[in-house]
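Please build the complete structure, drawing on both the sequences and the hints.
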Amino acid sequence: VKFAAVGFCFGGWVTGRFLALQNQPSITCAVGVHPSWQPEPIGGDGSPLELAERVGTKPILFLPAGNDDLKPNNPVVQQLAEQRSVDPEEVSVPFEDMKHGWVARNDPNDDESVAREQAHALELVANFIKKH
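Numbering follows the UniProt record's numbering, with no gaps: position 126 of the sequence shown is 126.
Simulated from the structure, these hints should not be mistaken for lab results.
Among these hints, one or two may not hold up.
20 Å max Cα-Cα, derived DMTMM-like pairs, lysine to aspartate or glutamate [stated by the list, open to error]:
(1) Lys71 <-> Glu53
(2) Lys71 <-> Glu89
(3) Lys71 <-> Glu40
(4) Lys131 <-> Glu89
(5) Lys71 <-> Glu82
(6) Lys71 <-> Glu96
(7) Lys99 <-> Glu123
(8) Lys131 <-> Asp87
Per label pair, the in silico range of CB-to-CB distance [unchecked claim]:
(9) Arg116 <-> Ser85: 28 to 34 Å
(10) Glu96 <-> Lys2: 29 to 35 Å
(11) Asp111 <-> Glu50: 34 to 40 Å
(12) Ile42 <-> Lys130: 31 to 37 Å
(13) Asp110 <-> Pro25: 39 to 45 Å
(14) Ile42 <-> Leu21: 15 to 21 Å
(15) Glu50 <-> Ala115: 36 to 42 Å
(16) Gly43 <-> Glu82: 24 to 30 Å
(17) Ala119 <-> Asn73: 23 to 29 Å
(18) Ser113 <-> Ser26: 33 to 39 Å
(19) Asp45 <-> Asn109: 39 to 45 Å
Every value quoted in this text rests on a predicted model; they were computed, and no experiment measured them.
Think of the CB as a built atom: it goes at the ideal place given N, C-alpha and C, for glycine as much as any other residue.
Structure (structure tokens):
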């Protein structure tokens with residue numbers, strides 16, 4: 001049995017921790033939507049960069065909002081991309097016009113652009129999981 005992990009905000013950090021578990025080969029990939037790995041120094045085993053090292057070559061995708069930090073130029077994203085031998089843009093797909101929490105908190109009926117970006121984000125999640 002294979003599993004994928006999807007998390008929102010701090011749940012994106014939890015998905016990274018799942019991937020870092022070396023004795024869990026059934027967890028094949030993870031996605032963090034408007035993710036935050038900020039809890040790692042407090043509730044984890046080190047820094048976000050150290051967590052990225054422990055994730056190794058397992059596929060992970062971040063979908064950050066414009067005011068989130070896990071974008072292609074972030075050292076964590078660059079580390080994850082280097083470990084998988086992919087471009088940082090394959091690890092992180094920013095939604096620059098959205099605000100943190102837009103997929104989970106915003107009502108798609110209130111704003112057409114939010115509805116469109118929510119649908120796009122969920123499509124990316126589904127395609128990534130199918131691929132991995």
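Here is what the structure says about each hint:
| no. | hint | in the structure |
| --- | --- | --- |
| 1 | Lys71 <-> Glu53 | holds (17 Å) |
| 2 | Lys71 <-> Glu89 | holds (8 Å) |
| 3 | Lys71 <-> Glu40 | holds (17 Å) |
| 4 | Lys131 <-> Glu89 | holds (16 Å) |
| 5 | Lys71 <-> Glu82 | holds (14 Å) |
| 6 | Lys71 <-> Glu96 | holds (10 Å) |
| 7 | Lys99 <-> Glu123 | holds (19 Å) |
| 8 | Lys131 <-> Asp87 | holds (17 Å) |
| 9 | Arg116 <-> Ser85: 28 to 34 Å | holds (32 Å) |
| 10 | Glu96 <-> Lys2: 29 to 35 Å | holds (32 Å) |
| 11 | Asp111 <-> Glu50: 34 to 40 Å | holds (38 Å) |
| 12 | Ile42 <-> Lys130: 31 to 37 Å | holds (34 Å) |
| 13 | Asp110 <-> Pro25: 39 to 45 Å | holds (42 Å) |
| 14 | Ile42 <-> Leu21: 15 to 21 Å | holds (19 Å) |
| 15 | Glu50 <-> Ala115: 36 to 42 Å | holds (38 Å) |
| 16 | Gly43 <-> Glu82: 24 to 30 Å | holds (25 Å) |
| 17 | Ala119 <-> Asn73: 23 to 29 Å | holds (26 Å) |
| 18 | Ser113 <-> Ser26: 33 to 39 Å | holds (37 Å) |
| 19 | Asp45 <-> Asn109: 39 to 45 Å | holds (41 Å) |
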